[in-house]
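A.B. asks: Using the working numbering, you'd call the opening residue of the sequence shown number 4 and step up by one each time.
Hints in this document: simulated from the structure, not taken from any laboratory. Predicted, not measured: the structure shown is a model, and the values here were computed from it. The beta carbon of each residue, even a glycine, is placed where N, CA and C say it ideally should be. Any given hint could turn out to be false.
No more than 25 angstroms apart at the CA atoms, straight line, and that leaves these computed lysine to aspartate or glutamate pairs for DMTMM-like [as the list claims (entries may be wrong)]: (1) LYS209 / GLU180; (2) LYS363 / ASP232; (3) LYS150 / ASP85.
Listed next, with one range per pair, are the computed distances between beta-carbon atoms [said to hold, decoys possible]: (4) VAL385 / ARG328: 28 to 34 angstroms; (5) ARG187 / ILE253: 25 to 31 angstroms; (6) GLU356 / GLU205: 39 to 45 angstroms.
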Amino acid sequence: MEITAQNLKINITNGIIRDIQAGNPASNLYLSPRFIDLHCHLREPGGEAKETLQTGIKSAFNGGYGTIFAMPNTNPACDNPDTLKYILSRAENPYAVTVKPVCAITTGLAGSALTDFETLAALGTGWFSNDGKPVEDMELLKNALKKAKKANVLIISHAENTAFPPQDPHSEYTAVEREIEAVRQTDGRLHFAHISTKKSIELIRKAKKKGLNITAETAPHYFTFSRDDITSADGRFKMNPPLREPDDVIAVKEGLKDGTIDIIATDHAPHTREEKLRPYGKSPFGITGFETAFSLGYTNLVLTGVLTIEELINKFVYAPAEIARLKIHGLKTGERAEFNIIDLSEKYTVHGENFKTKCKITPYEGLELTGKVIQTVIGDRVYDLRKREK
4 MEITAQNLKI NITNGIIRDI QAGNPASNLY LSPRFIDLHC HLREPGGEAK ETLQTGIKSA
64 FNGGYGTIFA MPNTNPACDN PDTLKYILSR AENPYAVTVK PVCAITTGLA GSALTDFETL
124 AALGTGWFSN DGKPVEDMEL LKNALKKAKK ANVLIISHAE NTAFPPQDPH SEYTAVEREI
184 EAVRQTDGRL HFAHISTKKS IELIRKAKKK GLNITAETAP HYFTFSRDDI TSADGRFKMN
244 PPLREPDDVI AVKEGLKDGT IDIIATDHAP HTREEKLRPY GKSPFGITGF ETAFSLGYTN
304 LVLTGVLTIE ELINKFVYAP AEIARLKIHG LKTGERAEFN IIDLSEKYTV HGENFKTKCK
364 ITPYEGLELT GKVIQTVIGD RVYDLRKREK
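Produce the complete structure using the sequences and hints provided.
C.D. replies: Set out below in structure tokens:
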């Protein structure tokens, strides 16, 4: 099997990459390792009406993802060996999508007592977060950073100061500010999830320049929409952090461009149809993300000149792998083939009814996007993902 794309020409025999040569610059196709999502919610156990591990995996596969990090705000929370083992056992799938469970920083996500990092790490996790709920006790966070450094695991921050309502930008950037100080005091390592405000980005930029071991992510909705784009009174545009002002959207793009924001994560957070169609104030936080993430990045960042295609792929693959300390595979000579075929010219209209996730309600409904993962190659098998919106 031979595949020629814009960046590479690959020869595959018996599922193994035998030769890689220069591609054809005139091609509309682009080859990439499968994407890595450092932040998603798969809801199982406890929230299977919203999503299951298997429906989430299918959705991730359909979006080009090969590795996804599942946040611990399940029921029960992933804060103990039994729940961790349960998720790992239920995550086996035929699509070679690897689920990496993120365990809770504190027991029950309650923000009071740290979980047993070393025991949980020994069972297969290297990542800890209270995502959905912040750790607001800074002494506890500093202890977590020290303990994480000793156990060689990563703390992922949901930076929120609950003294302010979520829609107030103070709720994010004051939390970012105090957590940066905790990193400075402990010489720890911290990854900031779903960064959305200009002030937060400025604080992270300054902290990085000072040499602090900090990384950050944003999600596609924060460079696609501002508050001005909310067009419905229901919950389809509701997430936490919420959509911000146009100046914040510009700052997110600038942060992605200059590297202040290291990666793009989906924060895929599905709910039932009934929940998302409630009035905004009564609807839960969270939107789906796997199946639109790359197209949103290509349309809003590459076609507008914010990033090159290579820089976008770095945000989806190489930078997340470096942060999570994963090895990239599947696109090197002698390895089993495992990569995405992306059509950079593919134009389509988003229709949530075609999603593989259980949640079909999306703020992107009706948007015209460009760039799509059309096939995924695993070994000697080519999976066609081209059943799409018309």
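A.B. asks: Next, verify each hint and record whether it holds.
C.D. replies: Do the hints match the structure? See the list:
1. Annotation: proposed proximity of LYS209 to GLU180 holds, straight-line Cα distance about 11 angstroms (limit 25 angstroms).
2. Taking the CA atoms of LYS363 and ASP232, the gap is about 20 angstroms. The hint holds against a cut of 25 angstroms.
3. With a C-alpha separation of about 22 angstroms, the suggested pairing of LYS150 with ASP85 holds against the 25 angstroms cut-off.
4. Evaluation of the 28 to 34 angstroms hint for VAL385 and ARG328 yields a pass: the beta carbon distance comes to about 30 angstroms.
5. Take ARG187 and ILE253: their Cβ atoms lie about 28 angstroms apart, and the range 25 to 31 angstroms holds.
6. In this structure the supplied range 39 to 45 angstroms holds for GLU356 paired with GLU205, their Cβ-Cβ distance being about 40 angstroms.
Hint compliance for this structure: every hint is met.
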